[in-house]
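> With chain A's structure known, arrange chain B on it following the hints.
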Amino acid sequence: MIELIGVSKRFGQTTAVDDISLRMAPGELSVLVGTSGCGKSTTLRMINRLIEHSDGEIHIDGQQIRGFREETLRRRMGYAIQSTGLFPHWTVARNIGLVPRLLKWPASRIHARVESLMTMLGLPMDEFADKMPRQLSGGQAQRVGVARALAADPDILLMDEPFGALDPITRETLQHELRELQARLQKTIVFVTHDMDEALRLADRLVVMDQGRIRQQGHPLALLREPADGFVASLLGGEDRGLKEAALLTVGERMMPLGAKPLPGERISRHATLREALSMMLWRHAERLVVIDDQGMAIGELSLRRLVGARSHE
Amino acid sequence: MSDALNPGGARPNVVLLSLGLAGLLAWVVFDAVSVAPNRIVSGQGHGAWDVAGWPGLVASLAPMLAMLALAWRPSRRHLRLALGLVVAMLAALPAWLALAAARLIESEMPQARLGIGAGVWVALFLLLLAMVELRTRLALPRLLGGALLLPPLMSLAVWLASGLEPLALRQELLARRDGFIAAIGEHLLLVGAAVAISLLLGVAIALAMRRWVRCRTLGFALLNSLQTIPSLALFGLLLAPLAWLAAHVEWLAALGVSGIGWAPALLALVGYSLLPMVRNTFVALDEVDTGVIDAARGMGMSRGQIFRQVRLPLAAPVILEGIRITTVQAIGLAAVAALIGAGGLGTFIFQGLGQAAMDMVLLGALPILVMALVADALLGALSDRLRQGAAS
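The listed protein sequences derive, respectively, from chains A and B.
So for the first sequence, numbering that gives the first Met the number 0 puts the first residue at 0; every next one is plus one.
So for the second sequence, numbering that gives the first Met the number 0 puts the first residue at 0; every next one is plus one.
These are computed hints drawn from the structure, not numbers from a lab.
Don't take each hint at face value.
Taking beta-carbon pairs under 8 Å as the criterion, some of the chain B residues facing chain A (in silico) [said to hold, decoys possible]:
1. G290
2. D293
3. G297
4. G299
5. M300
6. S301
7. R307
Ideal Cβ positions, reconstructed from N, Cα and C, are used throughout, including at glycine.
One chain only, chain A, in its complex shape (with noise of 0.2 Å):
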């Protein structure tokens, strides 16, 4: 768990950071978005003391984390950048293994380590293994550094603008990946974004930040359906928000359940987003789509209505 208590940071005359206070319960993802300069890289790079707090309390699982050294500290949390600050001259294997290293585990544990976090990332030992950062493609390098981030198995891990430089369809298998790594691993991450469809895509815990200060926090949707104020409300997407809500909802939340007498008409998954239902829906010029289920069967059906019927159902 990370708490941080009225925690400010100023470089001379500047205020980064204005007294914020923040709980990230284990296993949670928290997103931290904002426009640029608004503190939110500041804030997560405090928690990993890269920069020291000016007041107010930072713990870790309820230690004060200025009574660690600083690279005990650094070596119990992953961190991972945007431009993946792989080491050029290292392979992968050795990039990966950083950590472990820097422990001192014994090398067939490291060796095991890297081969298992390669494999859990799609990265094949025998192909990966001994390539050159250089010799990677963005996703791969970014791969490779969510890999090293997680070499040592911390519960926390720090993540800054991670897939800000990769295009948009690696970006979105890398967020898919993520969300689905962090559904095993369950880790206290805080991850910093400017990007806010990848922040309400990932965010158990959204947390908005302007100007060194919180405007708001809480769970995306709660975010989305009642904004603070008018910056929030325009950060989040303005007169897209609803289109943003579809998109965090599900087909089988909002689908009227049937017996099992087939349907004709288009289809859709359950798990298929309502934004995603909602745009078949203008492309087939259809008020009604079948709902199936993993296996192909029919399951119920989503009308217009429903799709964007009263909120009484969630």
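Showing chain B alone in chain A's frame:
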């Protein structure tokens, strides 16, 4: 094939054409060699026609004409052939001199000396330039480029052993063999010591500059101004303080420190070497990707670990580039040190100048040239290798 792919490559190579035409002209117009009955008398010049007669002269022009033809349509294949021709011509130059010795020097003149004439010197110079141009065009790796000099050097060694006995340079060398070897040793020692000391100092200064911003401007200003002092003046400036030190500090005097000799030479060389060394080291360390350093810190590497495992290895190729520049510069500068009694190959240059004996000047100058080229090629290749290792 590459002609079709690269229309620019089909345009005549102007550099090679001008070098070749100039070479042809010099070969025909200037003296190929000069022959003197002994060391005192100045020699009598002979053109290429005297050496080989008309058929020989025309034959000697053939490879150059072939190179010109290749340069007219410089495809990759043509350029490779041209490079082969240039290497062959360089290797043939000693044979040409041997031919001149056999033709022009009668056996009853044991004291006779063969001087190398302007025609051959200019041809040598232009061929080397053509080689540089071809190496660049063909993008040859530095080590391979350096290896191309081997055939000409081997040819020279073979002909020196037999056939070039009257060559004045060879006779100067034989007359001073022990002094020559000692001078090369002194020269290398001086350069080696200066480069080693300036490397240690340079890295230390660069580190200090990175640590304290105020050191930066002051340091570079000082080193820059040091660089502008003419070398002879610097030796003069060092004379008094070193003489004073030697007179007052016993162990320094015991080491052999005095106002003249190796001590001021070494100090001056270190002084001149510091700027390139510090600048390259500083830039190299400073230009390591900030993302990489940020990641290294974020992963929990200590300052020392970051420096040794990340910053230094990534900076190494550029630092080595600094060592290369410094070494080549020091090899040349060390020649001047002979003026204050530091020994080295400069001794021959200044003695030769004093006696108006050009062959003796060459005896000092040519090894300096070769040393500089070899150091440049070796250190350059090493830097390329490191860079590849860092990037591949």
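> Hint by hint, work out which the structure violates, then give me just those numbers in ascending order.
Number 7 - this is the single hint that the structure violates.
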